[in-house]
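Engineer: Protein chains in written order, with this note's numbering: chain A, 1 to 215; chain B, 1 to 202.
Be aware that a few hints might be false.
Computed from the model, here is a short list of chain B residues facing chain A with C-beta under 8 Å [what the hints assert, rightly or not]: (1) Asp7; (2) Arg13; (3) Met24; (4) Val41; (5) Val44; (6) Pro48; (7) Arg60; (8) Pro63; (9) Arg66; (10) Ala128; (11) Glu141; (12) Ile179; (13) Arg183; (14) Leu194.
Source of the hints: derived by calculation from the structure; they are not laboratory data.
Please read these numbers as outputs of a predicted model, since none were measured by experiment.
The beta-carbon is built from N, C-alpha and C at its ideal position, and this holds for glycine as well.
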Amino acid sequence: MSQRSENKLSSSVDEDLSSLMDGELNAGDVGKACARWREDPDARGSWHLYQLIGDVLRSEDLASPLQRDQAFLSALQRRLEKEPVVLAPSPAVAHERSPRRTWTGAAAVAAGFAAVAGVLVVTQMSGSSPDPQTYASAPSVDRLSSPVQAVNLQAASGIEASAVNAQVIVPNGQLIRDVRLDEYLAAHKKFGGSSALGSPSGFLRNAAVTDDNSR
Amino acid sequence: MTSTDVDAPLIERVKQGDVKAFEMLVVKYQRRIERLIGRMVRDVDLVPDIAQETFIRAYRAIPQFRGDSAFYTWLYRIAVNTAKKALVDLKRDPLVTESARAARDDDDETSRVENELTDGETPEAVLASKEIAAAVNAAIEALSEDLRQAITLREIEGLSYEEIAEAMNCPIGTVRSRIFRAREAIALRLRPLLDTREGERW
Numbered sequence: 001m002s003q004r005s006e007n008k009l010s011s012s013v014d015e016d017l018s019s020l021m022d023g024e025l026n027a028g029d030v031g032k033a034c035a036r037w038r039e040d041p042d043a044r045g046s047w048h049l050y051q052l053i054g055d056v057l058r059s060e061d062l063a064s065p066l067q068r069d070q071a072f073l074s075a076l077q078r079r080l081e082k083e084p085v086v087l088a089p090s091p092a093v094a095h096e097r098s099p100r101r102t103w104t105g106a107a108a109v110a111a112g113f114a115a116v117a118g119v120l121v122v123t124q125m126s127g128s129s130p131d132p133q134t135y136a137s138a139p140s141v142d143r144l145s146s147p148v149q150a151v152n153l154q155a156a157s158g159i160e161a162s163a164v165n166a167q168v169i170v171p172n173g174q175l176i177r178d179v180r181l182d183e184y185l186a187a188h189k190k191f192g193g194s195s196a197l198g199s200p201s202g203f204l205r206n207a208a209v210t211d212d213n214s215r
Numbered sequence: 001m002t003s004t005d006v007d008a009p010l011i012e013r014v015k016q017g018d019v020k021a022f023e024m025l026v027v028k029y030q031r032r033i034e035r036l037i038g039r040m041v042r043d044v045d046l047v048p049d050i051a052q053e054t055f056i057r058a059y060r061a062i063p064q065f066r067g068d069s070a071f072y073t074w075l076y077r078i079a080v081n082t083a084k085k086a087l088v089d090l091k092r093d094p095l096v097t098e099s100a101r102a103a104r105d106d107d108d109e110t111s112r113v114e115n116e117l118t119d120g121e122t123p124e125a126v127l128a129s130k131e132i133a134a135a136v137n138a139a140i141e142a143l144s145e146d147l148r149q150a151i152t153l154r155e156i157e158g159l160s161y162e163e164i165a166e167a168m169n170c171p172i173g174t175v176r177s178r179i180f181r182a183r184e185a186i187a188l189r190l191r192p193l194l195d196t197r198e199g200e201r202w
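Bound-form chain A, shown alone:
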């Protein structure tokens, strides 16, 4: 770590990290300190050491070998990579929502319309369900003729693909929810349980149990 002494910048960076861990860094400098932590292994090393020092000062049995702490973080990083990025609704950052997510919401809504339109059009064509009420209550697939299923499959897989691309689905079926998507679904609840929407309606139902983790 001899290059540390050559790098005059690292001193002020480390002082910022020192203040940050005490919650005493100016709000305007937090982003810069976090960027250094991301980019500079020395900054990460200092952050770890300062935290370790605090722990050991409070209790000697918290002294932990470096490799152990590193292995723990590496293993966790591998798991965090599979997690959807957290975006908590906050008025201050609402306009900063990434374009990708915005696109996902729009795509999901569009694909939803496509699925419903598909059902309506093909149902009408096949004439299997003359009662207009049935359109609104979204008839289940088994009551429809086979062309409908083909259309549904296409529309549904479209939704699924766009969602997977944007990484809003995770293996355990949890979903970081887009507020506007929620509004859309609330307004169109009657389609929510319909098998006409295929697997997406399955994962949307799962998304309702996100509170499970805070217990």
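Chain A is fixed; fit chain B onto it per the hints.
Structural biologist: Quick look at chain B alone, frame taken from chain A:
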């Protein structure tokens, strides 16, 4: 700076999608969380797994964290619940881990001790931990009175910079600098200790 939770700035960044800010919090709390879980779960093999699960659960739930309590208090509760759930699962399915099975099949004292000496508790790891603790203590001893007082008031007494400034009768900027210099002085003694081992980098 009147924020009650020292972690608030990092949590805010996590909520805005900065995963790395969450990792910074992990580095801060992983030792305390592992010790807490280690006190609840006898099988040391399970401790890192449960600690990992704790942080993943915390990450998923962080949008719901409102800052009504300190972040660590909230994390502590998640750790306790995760450990309890792991213990229940273990009772339901005792073959979850190799060591659990070994302990059941062969319950004499020697094999149990062997089972407990897994990665976290090998003699080498215990020695390394003792070295770190000794180096920190020696470094604290060697600090000037001002630096030692500043870091002690912060890390052990948990005072804010403003309170330390009042206690030490100096400007806040001086407190900031003294705490940093104290940390750097201690870190200076720890770095060679850590670098000689495999030279892993963060």
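Engineer: Hint by hint, say whether it matches the structure.
Structural biologist: Verification of the hints:
| no. | hint | in the structure |
| --- | --- | --- |
| 1 | Asp7 | 7 Å, holds |
| 2 | Arg13 | 6 Å, holds |
| 3 | Met24 | 6 Å, holds |
| 4 | Val41 | 16 Å, violated |
| 5 | Val44 | 12 Å, violated |
| 6 | Pro48 | 6 Å, holds |
| 7 | Arg60 | 5 Å, holds |
| 8 | Pro63 | 4 Å, holds |
| 9 | Arg66 | 10 Å, violated |
| 10 | Ala128 | 4 Å, holds |
| 11 | Glu141 | 12 Å, violated |
| 12 | Ile179 | 6 Å, holds |
| 13 | Arg183 | 5 Å, holds |
| 14 | Leu194 | 4 Å, holds |
Hints 4, 5, 9, 11 from the earlier list are contradicted by this structure; the remaining hints agree with it.
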